[in-house]
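> Could you slot chain B onto chain A? The hints should help.
Protein chains: 2
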Amino acid sequence: MAEDSSCGLRSRKKQRTRAAIERAALELALERHNPDATVEEICERAGISRMTFFNYFPSKIAALTGESSAGFTIDDLVSLLEAHPERFYLDALVEFGQHVIIVGTDEEIASLRRRAMEALPELGFQERRLAGALKQAVWEAFNRFLSEHPERRVMPEAPVEDEASMAAHLAVALFKISLSRYVRTSNLPEISELRASVASFLAAPSAVSHDADGQDA
Amino acid sequence: MAEDSSCGLRSRKKQRTRAAIERAALELALERHNPDATVEEICERAGISRMTFFNYFPSKIAALTGESSAGFTIDDLVSLLEAHPERFYLDALVEFGQHVIIVGTDEEIASLRRRAMEALPELGFQERRLAGALKQAVWEAFNRFLSEHPERRVMPEAPVEDEASMAAHLAVALFKISLSRYVRTSNLPEISELRASVASFLAAPSAVSHDADGQDA
Numbered sequence: 683m684a685e686d687s688s689c690g691l692r693s694r695k696k697q698r699t700r701a702a703i704e705r706a707a708l709e710l711a712l713e714r715h716n717p718d719a720t721v722e723e724i725c726e727r728a729g730i731s732r733m734t735f736f737n738y739f740p741s742k743i744a745a746l747t748g749e750s751s752a753g754f755t756i757d758d759l760v761s762l763l764e765a766h767p768e769r770f771y772l773d774a775l776v777e778f779g780q781h782v783i784i785v786g787t788d789e790e791i792a793s794l795r796r797r798a799m800e801a802l803p804e805l806g807f808q809e810r811r812l813a814g815a816l817k818q819a820v821w822e823a824f825n826r827f828l829s830e831h832p833e834r835r836v837m838p839e840a841p842v843e844d845e846a847s848m849a850a851h852l853a854v855a856l857f858k859i860s861l862s863r864y865v866r867t868s869n870l871p872e873i874s875e876l877r878a879s880v881a882s883f884l885a886a887p888s889a890v891s892h893d894a895d896g897q898d899a
Numbered sequence: 683m684a685e686d687s688s689c690g691l692r693s694r695k696k697q698r699t700r701a702a703i704e705r706a707a708l709e710l711a712l713e714r715h716n717p718d719a720t721v722e723e724i725c726e727r728a729g730i731s732r733m734t735f736f737n738y739f740p741s742k743i744a745a746l747t748g749e750s751s752a753g754f755t756i757d758d759l760v761s762l763l764e765a766h767p768e769r770f771y772l773d774a775l776v777e778f779g780q781h782v783i784i785v786g787t788d789e790e791i792a793s794l795r796r797r798a799m800e801a802l803p804e805l806g807f808q809e810r811r812l813a814g815a816l817k818q819a820v821w822e823a824f825n826r827f828l829s830e831h832p833e834r835r836v837m838p839e840a841p842v843e844d845e846a847s848m849a850a851h852l853a854v855a856l857f858k859i860s861l862s863r864y865v866r867t868s869n870l871p872e873i874s875e876l877r878a879s880v881a882s883f884l885a886a887p888s889a890v891s892h893d894a895d896g897q898d899a
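Protein chains in written order, with this note's numbering: chain A, 683 to 899; chain B, 683 to 899.
Chain A with its partners taken away, still in its complex shape:
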């Protein structure tokens, strides 16, 4: 899309302000070895007002975890799934999460965030107000996508709802495993290798059955 220069300027300025807030929040957390800095302290370091802060992030934790209030709509996600007809649809979505959410557009912020999550693993488990909304959008996008494109299904014998729910919860798990690997090693796992290693982990033998006495579970 063509952007006139004032729009481009505004969007770059927004990007800079957003990065300044994230940088301030992450630096304070790293300096103090805890995520307890207040929104006021983050604003002071970033040189912005409280009102500006809340235009970009709904909470301090959101600034630390990089969660914006923008989010993705169900339509965005369905378009993404439709855009890669030659691939397993799960891979397209997880790779999008790896590159857009984990790495993002600002390398310096991604690296600061990686170090903060390494030093403070609890950050990865913080309540994320919008994460629930995003997970619900992913689930609804899979439901719609699989209903409209039965040829893309991999469990055609199961109800659509079951495949959508499995895909949505596994997409979240693969994303989180990727994030944890990225925090530990600075590298993102390649999606089809990650998927294969998870499949082989889950295929581990259930070990000897001791239930030979006929008890029902």
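Simulated from the structure, these hints should not be mistaken for laboratory data. Any given hint could be a false lead.
So the derived label-pair ranges between C-beta atoms look like this [said to hold, decoys possible]: (1) B:841 to A:793: 17 to 23 angstroms; (2) B:758 to A:691: 36 to 42 angstroms; (3) A:714 to B:729: 43 to 49 angstroms; (4) A:790 to B:866: 43 to 49 angstroms; (5) B:882 to A:726: 51 to 57 angstroms; (6) B:731 to A:696: 35 to 41 angstroms; (7) B:793 to A:726: 50 to 56 angstroms.
All C-beta atoms in this analysis are idealised placements derived from N, C-alpha and C, irrespective of residue type, glycine included.
The following block gives chain B in isolation, referenced to the frame of chain A:
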């Protein structure tokens, strides 16, 4: 453990109060087809005070989703993993989640909650303040368990952190898939069958590679 009768009485009374709060919250959500009843309305229907409510649940959403402020400690979870040396450790944890969290001790509440989640799927995606703490405890329990019991590992060639992170995120996914199946069918999937079907879903072919033009990802 022996319980003297006053303790037994107190614990039954607590159980009844907790169930009354959950029943009131779930009935109101089902009657109105939305989760917007206030804590005051829930208290009125349950015949309790606001103070009592907050002794049992941190929020209205917690009463709807059945999340108590009790939680499980890392020690509890490690003991659970150690208690089943003959099984794949992942199965023990997911089954515990299925039976303790999804089904719980009160059949009537479990059935009301199932109906509420069927009518209002967004309940399954609500922010759960303590869910993050529980997930972190699961992750730390796997880390400790796998470090102390290397003979139980299924990916002995990978770093312990990688196996623990994979196990923790997959346990959450298997739990959520179970919940979604339970809501749709009133039945919990058997854990080793569920694990096998997820493994086969993930082993879906990645389809034809169109990247023959040498582009790097």
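> Hint by hint, where does the structure go against what was stated? Just the numbers, ascending.
2 and 6
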